[in-house]
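Participant: With the hints as extra help, turn the sequences into a complete structure.
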Amino acid sequence: MSKLAFLFVGLGVGLYAQKPAALALLETRCLSCHNAAGKQSGFDLSKRETALRGGDRGPGFLPGRAKESYLYQVLAHTAKPAMPKFGPKFTETELALVAAWIDEGAPWETVVSAGPKRSSHWAFEKPVRPAAGSIDTLFAKRSQTPASPEVLLRRLYLDLVGMPPTPEEMARHAKLTHEQTVDALLADPRYGERWGRHWMDIWRYSDWYGYRRANEVRNSHKHMWRWRDWIVESLNSGKPYDRMILEMLAGDEIAPEDPATLRATGFLARNYSRYDRDGWMQDAVDHTMLGFMGVTVKCARCHDHKYDPIAQEEYYRLRAVFEPYEVRMDRVPGETDVEKNALTRIFDAGLDRPTYLLVRGNIKSPDKSQVLGPSTPAALGPALGKIEPVALPLGAYYPDHREFVHTELLAQARAAIEKAAGDPLALAAAKAELPALEARMAAERAKYAVPADPKFEELAAKARELERQAGLLRAHEKLQRAQAEMTAALAGEKPDSKKVAEAQKNLAAATAALTQPPTGYTPVGKEYPTKSTGRRTALARWIGSTDNPLTARVAVNHIWLRHFGTALVPTVFDFGKNGQQPVNQPLLDLLATEFMRSGWNMKALHKMILLSEAYRAVRPASRRLEGEVVRDSILAVAGELDRTMGGPDIDPAKGLEVRRRSLYFSHSPDVQMQFLQVFDGANPTECYERNESVVPQQALAMANSQLSQEMAAKLARRLEGPGLVDRAFQTVLGRLPSDAERELAAGATPVDLIHALFNHNDFVTTR
Amino acid sequence: MSLHAKPTRNRREFLTDAFCGFGSLAFGALLQAEAKNPLAAKKPPLPAKAKSVIFLFMAGGPSQMETFDPKPLLNKLEGQPLPASFRPAKRQFINGTPKLLGTRRTFKQHGKSGLWVSDLLPHTATCADDLAVIRSCTADAFIHSSAQYQLFTGRILPGFPSMGAWSVYGLGSESESLPGYVVMPDPYGTIEAGQPVYSNAFLPAVYQPNIFRGGAKPVLNLEMPEGVTLAQRRNTLNFIREIDEATMTPGDDEFSARLSTYDLAFKMQTEAPAVFDMRNEPAHINTLYGIGNPVTDDFGRRCLMARRLVEKGVRFVTVVSGGPAISQWDAHDDIEENHLRMAARTDQPIAALLKDLKQRGLLDSTLVVWGGEFGRTPEAQGGKGRDHNNTGFTMWMAGGGVKGGVVEGSTDEVGLYAVERPHHLRNIHTTILHQLGLDQDALNYLHQGRRERLTEIQGEVIRGIV
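Protein chains in written order, with the numbering used here: chain A, 1 to 767; chain B, 768 to 1233.
Worth flagging that the hints you see were computed from the coordinates, not collected in a lab.
Don't be surprised by glycine CBs; every beta carbon is placed ideally from N, CA and C.
Careful, some of the hints might be misleading.
[What the hints assert, rightly or not] Derived list of chain A stretches under chain B, where covered just means 3 residues or more per stretch with a C-beta under 8 Å from a C-beta of chain B:
hint	segment
1	74-88
2	201-211
3	567-581
4	688-695
5	752-758
Facilitator: Structure, rendered in structure tokens:
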């Protein structure tokens, strides 16, 4: 019998391979550096022949002669360099295993080939609709006792619109069937806000953050709120999920001139990182795959994935899909300063940017022997469809050439003339700049006219001349200003050296401008590439394909989680072999196949779930609501909620006086509303699932915050009069008090009663 | 059976997830004993020297040459370029061929140990025999935000938990009435990397930092609302309890957990304000910390608060000196002006903190760590300033089982590169965890399929100082 110890490697469903324990050890401890791509010290342990051959320092090992083998010696620290370089020394037991294995002749690969092939994993096979069954037959074990109508209505309201029903709404719904109520709430615009926040979690919504003092964007981007509004609107309009994926990943390719669609690309713009393009690319790859497909491809950044069939090269081929894209801000009507307001969107900037495999995931060690083209991991679904480059229309690649931009720039130039009144030099410059701008626009229009405008040369010459004249006048004006600054800077007792230097710099620049020969006229705005690679469109279609085994399952799992509080696959972002098994795969697959069959119709999926007996049944325990729902509900029951939808993000410090829904406040790693944070607010870096902690800080927020105090007082005033106790219970908790409660409440002041009801378990939970 | 028999993520399930992630983690086993309150104090898995940590963060990067690392040769070579025999420097802002800049500070040996400290820090010098000065620190990044991320979270990128969050995740909090992890930022403003450096990132939210607001009411919602007395609040809470209990379903863990948080909240409300109220501190303590002197008042108050917090069992306190731009130790323009200004604010309070902890017997169980995200270049920037230097700089530790009056490692003769026993920041992290009785491997959290830990790559305990 062999002296060798064997290790059964259990992955996913069952045992499929058996490999020598020593080999498994070397794999985990050494392979991350000594692999085919990395080859530290020229040594590659991924194959038997390369391992035998060894590296720069000589042969790896001699089969049958462990103690003389270099590999063994460096591990035993009898030869240098002592290995592993990172991590603890091998224990005596581990060394003995390695020695025994080498002495046995170093058998490689699987000794017993058994088990299914590597890619066989439930989640990588297409879901099949269970032959028979509905949610209720597949989900039979739970309580089937229906919840009372008032509990159910409250549950539906909190679930679908994110706030409790008002007494008036309760009265109205009492006359409707459950299905009618579901339909009404799915058609309520508040549905998009409530579920928009869920998808903002999954899609990592973050407003810009960075160096706020200097207004310097380092991560995410300005004006991300347009993407948030797109999410809310898309959900409300019932946009199919596959279409949403397509617009988010490739809105700029499928609708290059449609600002409404372009907003969706905030999904990718959000990954922007000013100082770290590599990290930006990683986020784009990793979170696209985590969010839409529940696979942790990110593990394959440094080495082949340890659990799932994703090779390191495949990771970088996926990255190649994103490699060309960048973020820009296009002007929007009404604002010429893009810092103040603009459409933040993505576009392909570097069409030929190569993607290389990064050895050990290190940006400093690209393997330049091969440029990796875009594709998707083979084991995760169908092959990537054909990539077709997209020719962009003029308005897309030259956005400042659009009519409204010209109109507004001209208006701005005219306003500058008025502003300069009283300053002769500035006025002369401004007066010259307007015709120069008009001439530049005329030249640009001629340049891009179809068919070509024969007057282009003439118009270009005119634009050049007018711009030169205006430039000279402006330089004179600046020169005078710089001189004045200089005089002022030198005037005081102690000249401010910084101001003097600044003035000197301006003076030099102005003087230089006066003598600069004209080279050509300046275009009206920036021009971008006229083509887009089409890579992201292909990826989006691949993700949103009905042949993709993961996309629908991942989405329905997220939706189920948010209706029931537990997911069907508990590891919502990992459907791979290292994730958990589905607790009810037939049910998951029923929902997934129905979702696709309905044309990825989310509202239909919600409805299917909400009409089930499972959803309508009594629940044994309460579940805490998200901070947004708690805050919105307090404002709503007090009658103080401002229902205005959409628009720029609001400073969370104004959370008390601006009574908008919580999703409209800035949310980034830098800036979050404290009230929401206390209730496990979404981590803006990633939040595939919310935590539901129960901590005293929540009690403090409910008991002591200005919000709950003020709103309790407002509501008390509103409800004053006979029957206050009943109405208070109805308004805050959606039900009448029991006799015991009524008795308790009778002794309290109205404000105290309402304040206490805000602190009631039933107010901050759903049941 | 279906896992949906109980269709809610109740408290216990949450706690299980919080500690064990998905599946079971090595660390989960350690926590089985205490699964009720995620913040309850836990026995450290390894022998611990320190119960608490106070991190005195000198934002912007204080200079080693002006503080703890005397370089006589640097003064001799002043005005000359770095000799070719030295390894050239990496720099962020210096252009062209810079000239070496000597220090205007004078160094003397202090205490029985004869530890070298410059006259920039006369007060800290009086604690020389308590300091373990690590002169050979290194870090990967030489721009502020990345370097600050690495110092706090072990990674140069955002998105990872800070050491304070890791510590509380590992050990819970000794105090029921105070947060386990407190950050006291500089009132001058947010540091360059922003508040995410302090965060719990993917660790459950209960490990989030409690960022103190300035003034007498540092924790939001902890103070009684205007006009409400403690007795009234007790009544309100009783009423809340009664009205809650009227409809409580037996076995609803979430519900009972929420009720108990109201008791805890009340405990916090009654006890914590007393900790925050420093008026009862005797005059000599105020004087010791420099409270009342406009220069030292703010940092002195925050250091005194740090002592009061660890006294009550708070696990990790970060006190920040420095905000954005020129309000930090970022002496690009003029090392003298900047460091004299920054040291004047912090030196006396820091020495006071060490002495105060010691006289109360708390220094043995409190690890005090001092340092910035990097040090500064021996070469001059713009004549009088110094640029960032991440290749060799000084940090110190005191208390918490660390040896006093020792020097660990060294830099080259001008203070540019760490040469003897270099210690990457991950060794600092490993040592902090080690003193707390935590193991860098066992203290992990399964995040997106990977067991993340503070040190990422194996760090070493700095044996020379423990």
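Participant: Tell me if chain B covers the segment 74-88 of chain A under the three-residue, 8 Å CB rule, please?
Facilitator: Since three or more residues must qualify, the claim that chain B covers the segment 74-88 of chain A holds, with 3 doing so at under 8 Å.
Participant: For the segment 201-211 of chain A, do at least 3 residues have a Cβ located nearer than 8 Å to some Cβ of chain B?
Facilitator: holds (count 3)
Participant: Tell me if chain B covers the segment 688-695 of chain A under the three-residue, 8 Å CB rule, please?
Facilitator: That given contact holds, which follows from 5 residues of the segment 688-695 of chain A lying within Cβ reach (below 8 Å) of chain B.
Participant: Please count how many residues of the segment 752-758 of chain A have a CB within 8 Å of a CB from chain B and say whether that reaches 3.
Facilitator: holds (count 4)
Participant: State whether the coverage of the segment 567-581 of chain A by chain B holds or is violated, taking the criterion as 3 or more residues with Cβ-Cβ distances under 8 Å.
Facilitator: With 8 residues close enough to chain B, the hint holds.
Hint check: no violations occur; every hint is consistent with the structure.
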